[in-house]
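**Student:** The lines below spell out each chain.
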Amino acid sequence: EDQVTQSPEALRLQEGESSSLNCSYTVSGLRGLFWYRQDPGKGPEFLFTLYSAGEEKEKERLKATLTKKESFLHITAPKPEDSATYLCAVQAENYGQNFVFGPGTRLSVLP
Amino acid sequence: DSGVTQTPKHLITATGQRVTLRCSPRSGDLSVYWYQQSLDQGLQFLIQYYNGEERAKGNILERFSAQQFPDLHSELNLSSLELGDSALYFCASSVGAGTRETQYFGPGTRLLVL
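For the protein sequence lines, the chains are A and B, in the order given.
If you're matching positions, the first sequence starts at 1319 in our numbering and goes up one per residue.
If you're matching positions, the second sequence starts at 62 in our numbering and goes up one per residue.
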């Protein structure tokens, strides 16, 4: 069965303590993997799109990487304002252009 | 600000009632997507419209329907509401309808059914 999972479910970091979030997928014909950030009660905010294994994208303290089975979102020296839920979504050939979202990782960065 | 607007922001109604949620896509975007987000289900795709035509259906109940108008705004109609329909409803838009299109999300409508 095709699915998208994320780990950990929740993560608490001290300010400046780097870590990584994982998004694993089992789909056929990956077309794209998308990372979003969502603040409580708000709409998801687009961060990155990755299309092929080996690809990397960076933005400020965030870096996303992609392999054939998973993607990592690396957070370097996080700040309290990085606290949010991070969602990954997969677009695959058997879903057409539709997104399948993972359950998210709830990140808390403590000052 | 993604450029996608949704109204209303909050909606409180009773079981059995009908409501309409409205979405205006980003300027230039032809595709509109509707999602439901509840605490136990995460983000679930409901339906997509492209340039006025239904393009794809996800886990949308028969009590729910949507349409996209000539000016490209979209409405999601929810009828015979049940307590379990309480959720955040998001609209997203993208330029085209093909794969690899980034979807930009609106701020959502929070629906509470009492």
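Calculated directly from the structure, the hints in this document are not laboratory data.
Certain hints may be false.
Stated by the list, open to error - Below 27 Å or equal to it, Euclidean Cα-Cα: the simulated BS3-like pairs (lysine-lysine) are:
1) K118/B / K70/B
2) K70/B / K1386/A
3) K70/B / K1360/A
**Student:** Taking the numbered hints from earlier one at a time, note which ones the structure violates and give those numbers from smallest to largest.
**Tutor:** The structure conflicts with hint 2 only, although it agrees with all the remaining ones.
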